[in-house]
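Residue-level listing of the chains:
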Amino acid sequence: MQDFVQLWVYLSTTPLFGLTATIVTYVLAQASYQRLGQAPWANPVLWTVLVLAVLLTLSGTPYPRYFSGAQFIHFLLGPAVVALAWPLWQRRSELRRRAVAIALAGLVGGAAAGASAVAIGWALGLPEELLRSLAPKSVTAPVAMGIAEQIGGIPALAAVFAVLTGLVGAISGKYLFDAIGGLSMQARGFALGTASHGIGAARALQVNADAGAYAGLALGVQVVLAALLMPLVARWF
Amino acid sequence: MPILTGLAWLLLCQSAGEVLVRLGGWPLPGPVVGMLILLFALRLEVVRSPVGAVADALLAHLSLLFVPVGVGVMTHVGLLSAYGLRMLVVIVLSTWIGLIVTALMLRWFLRREAPTGPQS
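Chains as they are written, first to last, in our numbering: chain E, 1 to 237; chain C, 1001 to 1120.
Isolated chain C (complex conformation):
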């Protein structure tokens, strides 16, 4: 039952997000606004405990949720054969750049914050 109640809260927040985005014409995806709404709603105990249970379950299997979209690669065979290698180069290089820049930035900030703290 807490799982169902939690799912109900998630869906309500997502729906509220979709409604606000449509009504306000905001350039934001509905679920993102739903997430911000939930972030405020989590102050309430009635929301917190059921959402915690379902969120942990859902996020533990987050990678499964990408499979249907991932299989969609097969529908873009034309584009892939024309630009496949170049797109792969772009994706690999830019992901590495993103990873390196982010990791070094955060390391720099955390070291500045605690210059004597242990680094593991």
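Only chain E is shown next, with the shape it has when bound in the complex:
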């Protein structure tokens, strides 16, 4: 028994623990998601995060110790943002042909998401640093962190808001679109990529190839628009 405790103490302090726990939990969550017919509420990111948070809390593992292993996955967000150039390149002729529609829909939609977050948060009396962390929430987490840093928010909080925003879109998007009606797969995918970045795009990609392509497009457009414009707009406030 003593040996077992020592073994656990050793294992739980190495980076191996955080990395293994993350990937194993995600693989299980992904398998359940498939088995449940990709139901929106069975979203694998949501359940992986919940299971890991409960696991860490119950075992008394502090977040930094978990992150020492999980950082290897977290690091890949940077190269993943760079890799977004690939879906943009693949659809470059479409991008050129519909440049105005795509840029305007991305700009207005992204602005509506960010401005409404700040406005509703302000009306509900949230403190300013929370508002500044909420503004970039529709942009993919690593970029949202960078923007929050620029405009005086809390990067770690901005990343959490971005993940929650992604989950809200991925889980409720289908019902919202069905309620509006008459929306093509392109419009659905583009909206998911614009308002709920990578997590919304991952959902769109699983549902339909057309929706996935437009979600990837929207994701890349939103990253560039938000990173360029948001620090400029934030200067007025």
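Read the hints as simulated data drawn from the structure, not as lab findings. This one's a predicted model, so the numbers in the text were calculated from it and none came from an experiment. Using N, Cα and C, we set each Cβ at its ideal position, and we do this for glycine too. Hints may contain errors.
To give a feel for the contact side, a few chain E residues facing chain C, derived at Cβ under 8 Å [to be verified]:
#1 L58
#2 T165
#3 F190
A short list of chain E residues far from chain C (calculated; beta carbon distances all over 10 Å) [claimed, not checked]:
#4 D3
#5 V5
#6 L16
#7 T20
#8 T22
#9 L36
#10 I180
Got chain E; can you put chain C on it based on the hints?
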């Protein structure tokens, strides 16, 4: 091997982006500049085929990459208990507003572009 070469290109573009942002003092995240650099570099065949392989693999599992940050919610329990419900209201409502506005905007544009085209 193509996967490794592709990853090398991604990391090189990201590094170049970080260097440019630091040197130029641009208000842009390094990876975003890296993405723009890669968008130009993809004209070259040596870049295109390895990057395509690794980008497809990386973007297929994009949602896994958000997990470590997402678990970080547990470190903000204080803020969550003080403002949790209000923050949730903000996030849900603003995400819906963003989704509706974007979807309707694009639908309007695509219909104008092809008034006789099929709408599915």
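Hint check:
A least Cβ separation of about 11 Å between E:L58 and chain C goes past the 8 Å threshold, and the interface hint is therefore violated. The interface hint given for E:T165 holds, since its Cβ lies 5 Å from the closest Cβ of chain C, which is under the 8 Å cut-off. This hint holds: E:F190 has a C-beta 5 Å from the nearest C-beta of chain C, less than the 8 Å allowed. With a least beta-carbon separation of about 30 Å from chain C, E:D3 lies farther than 10 Å from that chain, consistent with its non-interface assignment.
Taking the minimum C-beta to C-beta distance to chain C, about 24 Å, the non-interface status of E:V5 holds against the 10 Å cut. Taking the minimum C-beta to C-beta distance to chain C, about 15 Å, the non-interface status of E:L16 holds against the 10 Å cut. With a closest Cβ-Cβ approach of about 13 Å to chain C, E:T20 is found to remain outside the 10 Å limit, as its non-interface label requires. A cut-off of 10 Å between C-beta atoms contradicts the statement that E:T22 is not in contact with chain C; the least separation is 6 Å.
The Cβ of E:L36 sits about 16 Å from the closest Cβ of chain C, beyond the 10 Å cut-off, so the non-interface label holds. For E:I180, the non-interface assignment is contradicted: its Cβ lies about 7 Å from the closest Cβ of chain C, within the 10 Å cut-off.
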